[in-house]
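Colleague: Chain by chain, the residues:
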Amino acid sequence: MAQFEETGPRTPVNEPTRVDKVHPRAKLGKSIRVILIVIMTFIMLFPVIVMVMTAFKTRVDIITPPPKVLFRPSLEGFLYLLTDRALLTPANLAAAQANPGSLSFWQKLALANGQQITGVSHYVARLKNSVIIAGSSTILSVILGLFAAYAFSRFKIAGKDDLLFFILSTRMLPGVVVTIPLFLLYKLLGWNDTYAGMIILYTVFNLSFSVWLLKGFIDEIPVEYEEAALVDGYTRLQAFFRIVLPQAVNGIAATTVFCLIFAWNEYAFALMLTSDNARTAPPSIATMLGSGGLEWSAIAAGSLGFLIPVVIVTFVLRDYLLRGVTFGAVRK
Amino acid sequence: MTASESPIRGPNTRVGQHHLSNRAIVNLFIWPTLFLLIAMNVFPLFYSLYLGFTSYSALIRQAPVWVAFQNFKDILNDPQLWQSFAITGRYALMTVSLQTLVGFGLAMLVHEKFKGGAILTTLILIPMMISAVVVGLFWKLMYNPTFGFFNAILGFTVPSTAPDWLASSIGHTGVPGLALIAIVIVDVWMWAPFVMLLVLSGLKAIPDYLYEAAAVDRASSWFQFWHITLPQVAPLLLIAVLFRTIEAFKSFDLVMGMTGGGPGNQTELIAVSLYREAFLGQWRTGHASALAYIILIIIVAVSSLYIKYLNQSKGEG
Amino acid sequence: MSTIELRQVEKKFGDLHAVKPLDLTIQDGEFVVLLGPSGCGKTTTLRMISGLEAVSGGTIWLDGRNVTWLHPSARDIAFVFQFYALYPHLTAWRNIAFPLQAQGESPENVKKRVNEVAKLLRIEHLLNARPGQLSGGDQQRVALARALVRRPAAYLMDEPLGALDADFRETMRSEIKRLHVLQHATTVYVTHDQIEAMAMGDRIVVMSEAAIQQIGTPAQVYYDPANLFVARFIGSPGMNLIAGKYADGIVQMAGLDNRYPVPLEWQSALKKGLDGGSEVIIGFRPEAAQINDQGKLIGKVYASEMQGSSAVLHLTINENDIFHIRTDRLISYPIDTLVHFDIDPQMVRFFNPKTEAAIKPEVAQ
Chain A
787 MAQFEETGPR
797 TPVNEPTRVD
807 KVHPRAKLGK
817 SIRVILIVIM
827 TFIMLFPVIV
837 MVMTAFKTRV
847 DIITPPPKVL
857 FRPSLEGFLY
867 LLTDRALLTP
877 ANLAAAQANP
887 GSLSFWQKLA
897 LANGQQITGV
907 SHYVARLKNS
917 VIIAGSSTIL
927 SVILGLFAAY
937 AFSRFKIAGK
947 DDLLFFILST
957 RMLPGVVVTI
967 PLFLLYKLLG
977 WNDTYAGMII
987 LYTVFNLSFS
997 VWLLKGFIDE
1007 IPVEYEEAAL
1017 VDGYTRLQAF
1027 FRIVLPQAVN
1037 GIAATTVFCL
1047 IFAWNEYAFA
1057 LMLTSDNART
1067 APPSIATMLG
1077 SGGLEWSAIA
1087 AGSLGFLIPV
1097 VIVTFVLRDY
1107 LLRGVTFGAV
1117 RK
Chain B
129 MTASESPIRG
139 PNTRVGQHHL
149 SNRAIVNLFI
159 WPTLFLLIAM
169 NVFPLFYSLY
179 LGFTSYSALI
189 RQAPVWVAFQ
199 NFKDILNDPQ
209 LWQSFAITGR
219 YALMTVSLQT
229 LVGFGLAMLV
239 HEKFKGGAIL
249 TTLILIPMMI
259 SAVVVGLFWK
269 LMYNPTFGFF
279 NAILGFTVPS
289 TAPDWLASSI
299 GHTGVPGLAL
309 IAIVIVDVWM
319 WAPFVMLLVL
329 SGLKAIPDYL
339 YEAAAVDRAS
349 SWFQFWHITL
359 PQVAPLLLIA
369 VLFRTIEAFK
379 SFDLVMGMTG
389 GGPGNQTELI
399 AVSLYREAFL
409 GQWRTGHASA
419 LAYIILIIIV
429 AVSSLYIKYL
439 NQSKGEG
Chain C
967 MSTIELRQVE
977 KKFGDLHAVK
987 PLDLTIQDGE
997 FVVLLGPSGC
1007 GKTTTLRMIS
1017 GLEAVSGGTI
1027 WLDGRNVTWL
1037 HPSARDIAFV
1047 FQFYALYPHL
1057 TAWRNIAFPL
1067 QAQGESPENV
1077 KKRVNEVAKL
1087 LRIEHLLNAR
1097 PGQLSGGDQQ
1107 RVALARALVR
1117 RPAAYLMDEP
1127 LGALDADFRE
1137 TMRSEIKRLH
1147 VLQHATTVYV
1157 THDQIEAMAM
1167 GDRIVVMSEA
1177 AIQQIGTPAQ
1187 VYYDPANLFV
1197 ARFIGSPGMN
1207 LIAGKYADGI
1217 VQMAGLDNRY
1227 PVPLEWQSAL
1237 KKGLDGGSEV
1247 IIGFRPEAAQ
1257 INDQGKLIGK
1267 VYASEMQGSS
1277 AVLHLTINEN
1287 DIFHIRTDRL
1297 ISYPIDTLVH
1307 FDIDPQMVRF
1317 FNPKTEAAIK
1327 PEVAQ
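Protein chains in written order, with our numbering: chain A, 787 to 1118; chain B, 129 to 445; chain C, 967 to 1331.
FYI, nobody ran anything at the bench for these hints, they're computed from the structure.
Since we're looking at a predicted model, the values are computed, not measured.
The C-beta atom is built at its ideal place from N, Cα and C for all residues, glycine as well.
Mixed in with the good hints there might be a few duds.
[Said to hold, decoys possible] Across the chosen pairs, the derived CB separations fall in these ranges: (1) C:ARG1198 - B:ARG346: 56 to 66 Å; (2) B:LEU177 - A:TYR981: 27 to 37 Å; (3) A:TYR981 - B:ALA429: 29 to 39 Å; (4) A:PHE951 - C:SER1202: 50 to 60 Å; (5) B:VAL193 - A:PHE951: 34 to 44 Å; (6) C:ASN1286 - B:PHE353: 37 to 47 Å; (7) A:ALA1014 - C:GLU1271: 30 to 40 Å; (8) B:ALA429 - A:ASP979: 28 to 38 Å; (9) B:ALA214 - A:PHE1101: 38 to 48 Å; (10) B:ALA214 - A:SER817: 41 to 51 Å.
[Stated by the list, open to error] When the alpha-carbon atoms are kept at most 27 Å apart in a straight line, the in silico DSS-like pairs for lysine-lysine are as follows: (11) A:LYS816 - C:LYS1320; (12) A:LYS807 - C:LYS986; (13) C:LYS986 - C:LYS1320; (14) A:LYS816 - B:LYS332; (15) A:LYS807 - C:LYS978; (16) B:LYS436 - B:LYS332; (17) C:LYS1266 - C:LYS1237; (18) C:LYS1262 - C:LYS1326; (19) C:LYS986 - C:LYS1237; (20) B:LYS332 - C:LYS978; (21) A:LYS813 - C:LYS986; (22) C:LYS1143 - C:LYS1077; (23) A:LYS813 - C:LYS978; (24) B:LYS436 - A:LYS946; (25) C:LYS1143 - C:LYS1085; (26) C:LYS1320 - C:LYS1237; (27) C:LYS1238 - C:LYS1326; (28) C:LYS1262 - C:LYS1211; (29) B:LYS332 - A:LYS813; (30) A:LYS807 - B:LYS332; (31) A:LYS914 - A:LYS854.
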């Protein structure tokens, strides 16, 4: 915003330097503020910290009161999460214990609880489903949204505002209303519990957001660049790919992150429209049952593993995210 | 930004190559999206409406039977469903107002820059990024009266006297439990950062010189807040409130993770009731569709009120 | 009485020296302009006087009181911002009334003063409007009214006309000057527009690169610039500056065999000022030169501009320097014509190229 540059060399300043703000008493107020922020951040992160701790605790540690802050870490949770196990008969148990050298780390861990690994748990398959479904639907919704956003941004279209509002309203629609007929429709088409069904569903759900967000970003790219390209003899399509696309990278990044987060974390539709084949991770994590009820360490391990990719992507693209969250709001 | 034909053949168009007209491009770019949206949103919307007038059950292989307004009448006469609506309303009110207050407060705290502000802001975003059902599960663990951290931090370390936040009543007093409030706390934890982000962007847009003029005029902090900060932030705040209210009415994942609607039906939000009707027990699909429509109407009504209020406040400034 | 005194006032932002230690005294009732290009430190200096920036060193005195660390609202000053800074949701009336209300004035007094000021600025018909509904010029009038209503000891204005359209700027310029004369108020005014500064200031403080280059009346900075920067910055176009070598009373300019005989009264000053060196820069304003077929200097026409009743001729004597001569002849001069001219000996100036400072003439005994 050029209008603020006239006031002199204020750019290197990160803090206000007004007389009353530089005063020692003001500095005290600032310290209090910083302390409060640190406390709030801690409160915000505390449950996440609990989750991380729980993922590495043994079952025993988790359920004995009072809750432990210091504990001996164990990878039990991951074992429960990622493998299926069977109890060993006393004879087999003795045999295995006699020959510890040939066992892998994981097998030893299972052995400590008297169990033997029989195979990979269905969680791994569910995780794979999540990656495929969330990934594909994100790519699709971003691509389709990009094309539509460009068209809406650059061309005069009959009833453009109405169409845009329609697109927006689909986002406002509660899932509850479409779940039942979609369930029936999918049953009819044989799409229940299929990749295709879920991918299309998530794509559509993210489309309205994707179109609006990307349109906002594309609107900010000056038309003059494309017009210059057109005068130089490029076709509209070429101008789109060579000029608009590179400049819209920020917007694409932000949109991708949001669509990914939604599709990745989605629970309700996954619960209702899948059972075994195409089920994603969120419904699975919720139902990990162990011998005494919920297997907390497994749930924690699964949640942690599930959260990390999202956190990484978000951290890398955090500046775009702030813009993205406010874009849809401000632009309306 | 009018569609214009590019008449010049430049170095990149091979002779004889037919390049797409603008009309064709518009169609190609927009129709796939529109088609998908209509197919997956409009069709179900109407089909759902139709089903609401039938006694169809997805479990039974029988064509839908028309029952006119019977479903709607049943729903409006069902005290359990009314209670569900009431609970949802209370929940929405509590969580949205708390979220807004906390989010606004956070934004005011974080607003004046300091070292590491960007990193902290990112960290505060993490709660929003976790799957809601997972959040529900985790807080369930934390709320556990014997081995959960929540009680431990508050000081209730003796198992026999520690309150069970998700129980059906407080001790033996018969007073209904705190489960709904427990869920509100979690929802606020998750979404206050969202409000914070929106408010923050509004705060950043306020030019410094307004505050400077206030300083020269010796304006009180309250005056500055009321006349400079709030008017700039109000539209964004209202949008945040709008979104979060709609989401609160639709809230499903969190509750399912934490309580499944219990204990009893103290936390049975309307979306959970809907799930029960449609996919559990008798699979009363037609009945559930009618319920879904009623929910839709309520959400649309509430949203319209907000949007009207939003436009009004924008028009003023 | 409201004199403003800055003693060794400086400002640093980290390692960046935004304002180098400077001294400045502004007399009661004076209209002083801080003039300079962006980033020269003029706005920062003004903000330090107001208290919106804390000083990094030095002291500020208002009427003999040390106000260096006083809150802006305690200094008895009014500040007019470039972008008006009106409270957007209050009516113009409430905006103007606010400073008085904050001071605890009685409602009758407030009403009286607001109406007085509104009349002075001719905005009575706008009092019920909100800033968003007003044009830029009207908004600035409201901002001025808000400043005037308090009758402070001094007015500080930060490029108040910068956001206005050109035609409005001229109108508002004269309004502000008129107000100043009526109020007899001390005013410190910041601008980067030297025409504005010359038109409005009793004294001009020319600043560049965080330091004062010259303090003087408009006539002084125009006719006797203290250094090359002031010579170039003041006037449109700025002063013509041509490099040459001085020896034995003659300046040999590079190109086109121009030998300028230095007027007698300058010769000893030049000898002293150049300190034995021979490099010198001659300066003269466009109107100081006269086109004269018998003129001793020659230039080649580069371009010419008709400006109504006069013309500006752009001449070169080598590939590097273009200088400008104002002439009221309407004869056209084709490009590359050779033109003879003279420089008025009263208006010629000399500069030392190494120090960039002006060479001062000897004071006649």
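Colleague: Going through the numbered hints above, which ones does this structure break? Give me the numbers in ascending order.
Modeller: Hints 1, 6, 11, 17, 19, 31 not satisfied by this model.
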